[in-house]
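*Asks:* From first to last, the protein sequence lines stand for chains A and B.
For the first sequence, numbering that gives the first Met the number 0 begins at 0 and goes up steadily by one.
For the second sequence, numbering that gives the first Met the number 0 begins at 0 and goes up steadily by one.
Keep in mind the hints are simulated off the structure, nothing from the lab.
The C-beta atom is built at its ideal place from N, Cα and C for all residues, glycine as well.
Take the hints with a grain of salt, since some may be wrong.
[What the hints assert, rightly or not] Derived lysine to any residue pairs resembling SDA-like cross-links, with alpha carbons at most 20 Å apart:
| # | chain 1 | residue 1 | chain 2 | residue 2 |
| --- | --- | --- | --- | --- |
| 1 | A | Lys163 | B | Gly158 |
| 2 | A | Lys163 | B | Leu150 |
| 3 | A | Lys31 | A | Ser93 |
| 4 | A | Lys31 | A | Leu251 |
| 5 | A | Lys163 | B | Gly207 |
[As the list claims (entries may be wrong)] To give a feel for the contact side, a few chain A residues facing chain B, derived at Cβ under 8 Å:
| # | residue |
| --- | --- |
| 6 | Phe19 |
| 7 | Gly73 |
| 8 | Asp148 |
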Amino acid sequence: MTADAETDVPFHFGADAELFGLYHPVATPATKAVLLCPPLGQDLIRCHRLYRQLAQALAAAGLPVLRFDYYGSGDSAGRSAELHWTRCLDDIVSAATELRARSGCGRVLAFGARMGGSAAIASAASAGLAALVLWDPIVDGAAHVAQLDAMQDSLQHDTRRFLKPRTVAAIANQWLGFDVSGELRRQLLALHIEPSSVPTWVVDSNGWPTWKAFGASHATTIALHTRTPWDDPGRLELAIQSHELIRIANDLLQGA
Amino acid sequence: MDVERAFRFGRAGHLVGIAGLPPAAQDVGVIVLNAGLVHRIGPFRLHVELTRRLNACGYPSVRFDLSTLGDSGASSASESRVQQVRADIADAMTLLREQAGCTRFVLVGLCSGAENAHRAAATEAGVAGAIFLDGYAYRTVGFEVRRYLPLLLNPARVGRLLARRLRVSGWPAAAPSFSVAHPPRRQVRDELADMLDRGLKLYFIYSGGTNRYLNHRRQFRECFGRLAVHPGVEVERLEETDHTYILTGDRDMLLGRIEQWMDRHFPLSSRPSP
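When you get a sec, could you build the whole thing from the sequences and use the hints?
*Replies:* What follows is the structure in structure tokens.
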């Protein structure tokens, strides 16, 4: 990829310019645009490259794309402890508005992985999203909190990472590298994602049974051939890569 | 945001970074380099927390993605990776010079970032200091003695070590690789000596994650001899921490050390109002 093809624009937007975004424009006018909703925590870092590759593929196919970071994450303003679920949903609304303004497209589709997918469903109505492509979205917040707590607890005696066991206090109030507020914990514990009324495609790489109970009448499930190691502690700092996911998401969003 | 601004910059407009620009112009700016393949925010957002903390003190900063990492592309120039990295860092210095009036620069890098900081500090005239997080160090006789003597005195530990080795070796596909190919020790020592002769201030911080090749603070002297007592050198070993500072308390401690070192060696000409 040379500099000539690198026309994506980094900028800040939203109230007080608190949100970081990267806009991928297209050469010819488009009728729809795609908002990429990032996941949370370490998933955001692990998916960064994949999101960039998906954005470039979509832009190359003629769809303007906006990537962005929620308040309290990535390059956006705010400390990690200030990341709140309800603010994430508000930020998707702001990002969709920004994408419409930059692209001139009234019709905005969304893609999200894990909690990014959950946030896209939860904000679909308020952000006016026309269709959703979700990759392994979290639908049961309490189960997700339990998983994150278990992985965080395992750090205390992780001799592959630390020379000596750490204290309970040293690992408290964090999830895998990030401070967590009591408010975010409460919000996620109470979170149960309901199906959206907009067309939804779920790309499922883990065969999770939760999808069978989740609005089959509204969502079409597509299975990835390769399992995604989201919750493998040994791969916590390895990037998530899937050319198959990029191809499928690209096809779905172009056809939506 | 009133302090941070996003930039696409560089000799081919191919680099993406976030500059932190406190209101008062400063002579010294801080440039934070990628750690491995992690994009500019750093492992667990370490680089965001570091630059914002230094911005709050009054230091301008930029955290950015080197060519082909994160959101940055490649320049069209035909360059080796080393040439590319040096030119990218020179581009970041130009950005801070234009945006914040900086004329001297402190480079910060973790792991491969420390390696790149070393390369640039060895050749770039504008570099006034460098903070190497888990940078170069070499196994020494002292390292081997500290490592194996306790085992000889306590055979039960041999069994535990072997069991641990077996567990680790059964996990190769999953374990992230943090290894950096080190150049010959003599070359690094000569380059460090040259940096110090040029007046650079150097801060070496080693985490517990370096235990495979460094297991005591004094090993720095075993590696590099009298450079260790040069007034421009400070060395710390944060034994309890891991390589990427996953625990927020460990990160706070690291950032506090860096802030204090900056204040000792690069005091600001004017400080922001409280």
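*Asks:* All hints are to be evaluated individually against the structure, with a verdict given for each.
*Replies:* Here is how each hint holds up against the structure:
no.: 1; hint: Lys163/A x Gly158/B; verdict: holds, 17 Å
no.: 2; hint: Lys163/A x Leu150/B; verdict: holds, 16 Å
no.: 3; hint: Lys31/A x Ser93/A; verdict: holds, 17 Å
no.: 4; hint: Lys31/A x Leu251/A; verdict: holds, 13 Å
no.: 5; hint: Lys163/A x Gly207/B; verdict: holds, 9 Å
no.: 6; hint: Phe19; verdict: holds, 6 Å
no.: 7; hint: Gly73; verdict: holds, 6 Å
no.: 8; hint: Asp148; verdict: violated, 15 Å
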